[in-house]
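*Asks:* As a plain string of letters, each chain reads:
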Amino acid sequence: MTAMNNSPHVHLPISVRAIMLKVLVALLPGIAVYVWFFGAAILVQIALASAAALAGEAVMLKLRDKPVGLFLSDGSALVTAWLIALTFPPIAPWWLIVSATLFAIVVAKHLYGGLGQNPFNPAMVAFCVAIIAFPALMSQWPAVGFTDFAAQMRVIFQSQSAQDAVTMATPLDALRTQLHTPEARATVAGILGSHATFGNIGGKGWEWIAMAYLAGGLWLLQQRVITWHVPVAFLGVLALVATAFSLANPDSYAGPTFHVLTGGAMLGAFFIATDPVSGATTPRGKLIFAAGIALLTWIIRTFGAYPDGMAFGVLLMNMCVPLIDMGTQPPVFGRKDEKRDGNTP
Amino acid sequence: MIATLFAFKGGVKPSAHKEASTLAPILRAPLPPRLVVPLRQSAGGAPLPLVVAGQKLSKGERIGAPEGNFSSAIHAPTSGRVLAVEDRLLPHPSGLSALCVVIEPDGEERWIDRNPVNYAAATPDALRDYLRDAGIVGLGGATFPSHIKLKPGASGRIETLIINGAECEPWITCDDMLMRERATEVVRGIDILRHIVSAERVLVGIEDNKPQAVAAMRAATAQSPGVSVVPVPTRYPAGGEKQLIRVLTGIEIPYGRFGSDFGVQCFNVATAGSVHRAINLGEPLISRIVTLTGNVERPGNYEVLIGTPIADLLPLAAPKADTDRYLMGGPMMGFTLPGTDLPVTKASNCIIAASKALFPPLGTELPCIRCGACTRACPVELQPHELYWFSRAKNFGKAQEYGIFDCIECGCCAYVCPSNIRLVDYYRFAKSSMRTLEREKATANAARERFEFRTLRDEREKAEKTARLAAKTAAGRQAIAGAAKPSAAQATTTAPAQSSAEKPLAPLDEQKKALIAAAIARAQAQRAGVQPKNTENLTPEKQAEIREIEARRDKVRELAKTPPAEPV
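Here the protein sequences come in this chain order: A and B.
Quick note: the first sequence uses this note's numbering, first residue 1, plus one each step.
Quick note: the second sequence uses this note's numbering, first residue 1, plus one each step.
In silico EDC-like cross-links for lysine to aspartate or glutamate, where the CA-CA straight-line distance does not exceed 16 Å:
id : chain 1 : residue 1 : chain 2 : residue 2
1  : B       : 9         : B       : 406
2  : A       : 336       : B       : 406
3  : B       : 431       : B       : 409
4  : B       : 9         : B       : 381
5  : B       : 56        : B       : 106
6  : B       : 151       : B       : 261
7  : B       : 356       : B       : 322
8  : A       : 336       : B       : 381
9  : A       : 66        : B       : 365
10 : B       : 394       : B       : 425
11 : A       : 336       : B       : 401
12 : B       : 56        : B       : 104
Computed far set for chain B versus chain A, every beta-carbon distance over 12 Å:
id : residue
13 : 70
14 : 119
15 : 315
16 : 434
17 : 539
18 : 546
19 : 550
Simulated from the structure, these hints should not be mistaken for lab results.
From the three backbone atoms N, C-alpha and C, an ideal C-beta is built for every residue, glycine too.
Same shape as in the complex, but just chain B (with noise of 0.2 Å):
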């Protein structure tokens, strides 16, 4: 079947480097003596843990719940013991931490009941739920959970499944591998996809530099009809989901819009193989294939258990001593690991051992000449430099209306700068200020509404107090009047109705006498009150000390109010 191909605009060529990871096969990482899995492992909440620390846990069993719908299951990767549920360091490009299971291997690789599902007679919603119990996410690095993307958008329905084994970073070998090796797993996660979302066809997207690949996976298929295996141009970024899906369709999906919304859904190659084991299978997402390559003696691909800490997967490749760091993900997209006792996460695609002579340092950064190598690089055809320019000078509401937030930072741009200038930091920088104002305003908002509901209720309570106040005085009105009425009610029983509504008029004055009265007593009493009471009992001596005291400052008051003849 030959497909029509729609280019995508931009991308850049840099040297792949995948020859040295696919010489050998895919290899079994050894079973570490600790794992450390995160919680947080895909995008939308994190998870809830269901262990503590000591408890016995078998292979597969899961250790995290999911926390809403937009959230994937965690599972022990291995039988052991748990050690510790704790914060630790992420191998994430924030930096941060976040809970994390600590896992002691007891090398019994013990399952947990493994039921395979039959998907032809379960229902779709069924399918989605289970594939979010299994912890499937997203494995080309985004880990986006795969149960909501199988949901149909907007269009109503998926007619195109995409599936991506295009793998366009540099050096980057996983999926190369995976189809190679497993492409009758990847065809039977396929079929299992195609099936939850009944899509009509199915479009296998591979770069034209994997021709193994594509002829592993052109035998895979051969049986099942609507499913074409498509060689794509390579050039980066065409595993970019977005520029893949335009490439094999034509499609073009915005910024902020899914797939599905234009009936179309794109999976990884390693996401339809996990979708596959756990199906079919019954086993939960807990390993993944890992590139170990760049700077090392044995680069190759491994298959490691999610939760491996990278230093002791490192020394199955060897990195050669002039190693000086280490990047997680492609060089294009992927970020510099802040140290190697991370653990290998589902989004960990590739380990690349950095050296200098391998990825020499950027020259320094010169002024933009406004050349347009960045937009002419650009596969989501922004202007590079524009944004550069307001994301430079703090014009953020310019840097959106130019699509800042379109940019799904590949790096073609500053790739291609002449004048070595760091973009995707720019944008990067914008981005997150943008968020961070976004969030201040939200904080702000919050607290003016708090304010203002502090206010509000201080005045309403202020009314309380008032309305109070004078219900208690109407009370004591009342009270008086009602003391004073018995003899007026006696005098006017005869009288008319209407007069009874003038009457108290007559006896106001008198109500208001008796409450002056009454007030004049109740000051008179107060005073009596605050006045010193302890100046009846005191000896004479001390009397007379008063008095002496008393007259002492009427002297000096009288002094005081005498002003001085001439200034002093």
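One chain only, chain A, in its complex shape (with noise of 0.2 Å):
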């Protein structure tokens, strides 16, 4: 490459760093809602994330001899640190999180190669290894009403084993143990009705963090940072899916609000299956991609084992990614009735 032959000599002011920082601040809102409802816990494992993040990304990149500074800067890692703590129980135990966003970091993200060349999105990962591995204290969520700080900081350091007062099922782990396993005789309606854990739509407290992460969420759209494609198709789908089977036997089957309200749902649609390096990139891409999560969510949700699908749905997914660019290159300039396929959304 020639050396004067470098055009563009401009560039617009934007960055990595940026761009992660915009993702950063866009948890905020759900971030507050979630102390307002859980208490500050969750405050506690998101610096937990964050240190064991910096720490491994600084170690790896030490060991594949990077620029440590540069790209411990780049504000990739904390997102990872913060989508994990977002996604694990506010009172998990300490070494738990942290041995979790370990192996987000340097297994998921750095041997892979680092920022950018990870397949598989690594808090999904830290996740999925947590809940296989620990799925005991993977359940344990806080009930609504537990926010003494000082019980939760025991619960977290001490390892006590947190008890019935302070724990609950989640609203979708409750739906799933009571309707969908042998012996079980519940209705939605019945359950949803008769439940403490659950508020008005998707859970008490759940429903306002994901509207909190919905609010976010529609900043980053119109900052640009995401489009519409994964979003839009994630909890259309995931809501589609719901009001059919809901509509069809509405006793087994939650609806569509639900859905789209409890869980990892929200948090997923915008910041999760959003993930760009692990994500598919074409607009078409994109669609099939978050479909695909949210079907697999349901599914899993509804008649697996694990209490929310979110993470297996983007890991399935992520393992589709090439496929699914290969597949839906779009037409280039003047070449569209070369290569039309009758498929476009």
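Put the complex together from the two separate chains, hints included.
*Replies:* Below, the structure written as structure tokens:
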């Protein structure tokens, strides 16, 4: 390459760091509501995950002989850390979130080549590793009203086994175990009406956190950090499947508002499935990718062994990304008639 | 007339910086002490020099003849004397040198006989040839010979003529100023272009950040039916030929095709102006308007003779002290000049003085995070990040499959990349590598063909030699047979014809014997010939010496025959 031929000579003042910072900022409303309903434990978890992520990132960069300061300040490790913290139970023991975060950064990110190279979403890798290895700990969610910070800290740092008084099954978990296990007799309406966990729509507290994530996500959309394809396709397909099944059998299947506003759906729609590195990149590819995640999420939520299917859905669809991208290359300017395959969104 | 506009996808909106250089009118740049006129200033073949050192020239005299039809003539920008016809460095991204005519102006500006053409009476072919000989090329920067673009393509005719006054690159204002000040000239040029292709309608596309140019062009075209001046949204690269055609007509022209194949063709406003000068005034293309701007005290536009050294122009704009380099063209697609002793060419629309403050160097390149900003910015609807991966991995086949040659190198992708990746440089690398590979393949093929031909020729020659030898032998045999024949022939004169076929078989042994005998005789004679003949007339002493040597040799031979008793 000749040194003189270096156009363009101007550049938009934009950086990876700025993008990552915007993602973090967009998470703040969700975190604020989280603290409001479930106490400050989530902040401790975020701090733990952030520290582990930055430490793991620094060590790996050093080992890989990369400029530590430059890459550490890109903010990508922090985004991973925050997403891990927000998907884990806020009263999970400290070592669980630290080791899961380290696994995400060291194995899922750096062993695959670092920033931009990881085929799997690191935060979702952390979640899946933790839920497979420690299913019990990953199912200990604080009961609504358990906001006593000192008590929360004892659970996190002294590994006190949480008592039933402070933990509670998440709405999703409750629905799945009570509806789709062989001995289940309940109906959706019955559970939603009786159970203390359930709020008006998606679970007490959770629905409001989901709304806050939605607000942050819409801001990301407005900031053009993400495009509409993934959130719309994900939430749309999730709602569609939920509607179809709940219409067919309202006693056994929860409706669309419940599915969209509970668990990791909203966080996943705007912050996880939109991860550019491990996601599809073409417009049509994004739609297929997100629709696939939604479908898998609903299936795992409804029939699977784990309370939430988002993480598995994301990882499974991550595997399909190269194929999706290859098959959905949009036609080039002036060549639209040549490549058209009648499959445009 | 309201035209429907068709947006093109992608594009970016860099800061325009156009205001500063539009405050002063277009000025004529002073005659420099030397002009360096490159002969190759357009796509196509390099014109052949028509002048030699020492020759006197008139202004507008042809100094370079178009080489073939895919080339354009070159003319003396002023009257004077040819100092040299030699290789000089060109202001081109390649950084290559090529043949230039160096002219020392005499200051008289003595024109050749200018003969305006009544275009209404001329045939399109004659006008196209005339434009080629007048050196008219696209002045938007690509310098594609205009006469070629004026030929009807596969569609048979050009219905829509697009006149490009978009000028989407930041900083550049030469077309803006031309339209503001010389709209009439442009419109008269448009009339000629329209006449040549007999276009039904003419659309003049101007970015809507140039209201004065739009107003001037509207006023100038008020009396021209079928001509509409259309303000187009300001979005780089709206002035790219194919993007502008898309915006104004909705037609998308793929890579490798001409607009004329789709019944549409596009010319720059300055090109139209130069067509007017060539046809209506008889003046070939010897000057152009150049924007001098950037880190300078007095930004502005100048009418500059082709061949004027850039160093002679710069004082007009007074570059500031912290200027560290100069760009030719705009900041999106222009290139850094390797020096200022290079001449202005027909492609030089703008010279920008750059400083670290105005054009801050790009930050460290980070890994691609596949954010898709480049895809959204690409006006050709490519997947720039995929092309980047393929180019980086030298997976050129894949890069080609994903349309790397459709890339117009507009720079939008690199402009928006949050990872500071010099995407266009990767594409240039991939493209030039692919072209080199193609060339190497072609060379290798040629070499293989040469080798195969040589092998074939060797074999043929060998076969011919064998045939010749065989013929010679046969002739020898016949000669011998012929010598033996007369008696045999006499004996068998009365024999039937069929026995004559058998007859030669009988004397074959004899013939063979004769041949062998002859061969032995030849061999003996040969041996006699090679045997040393200088032993006969030696002195007795010498003969004795030889005998002695021979005896010693015999003894050694004897010794060599008996193996040693025990290992030594």
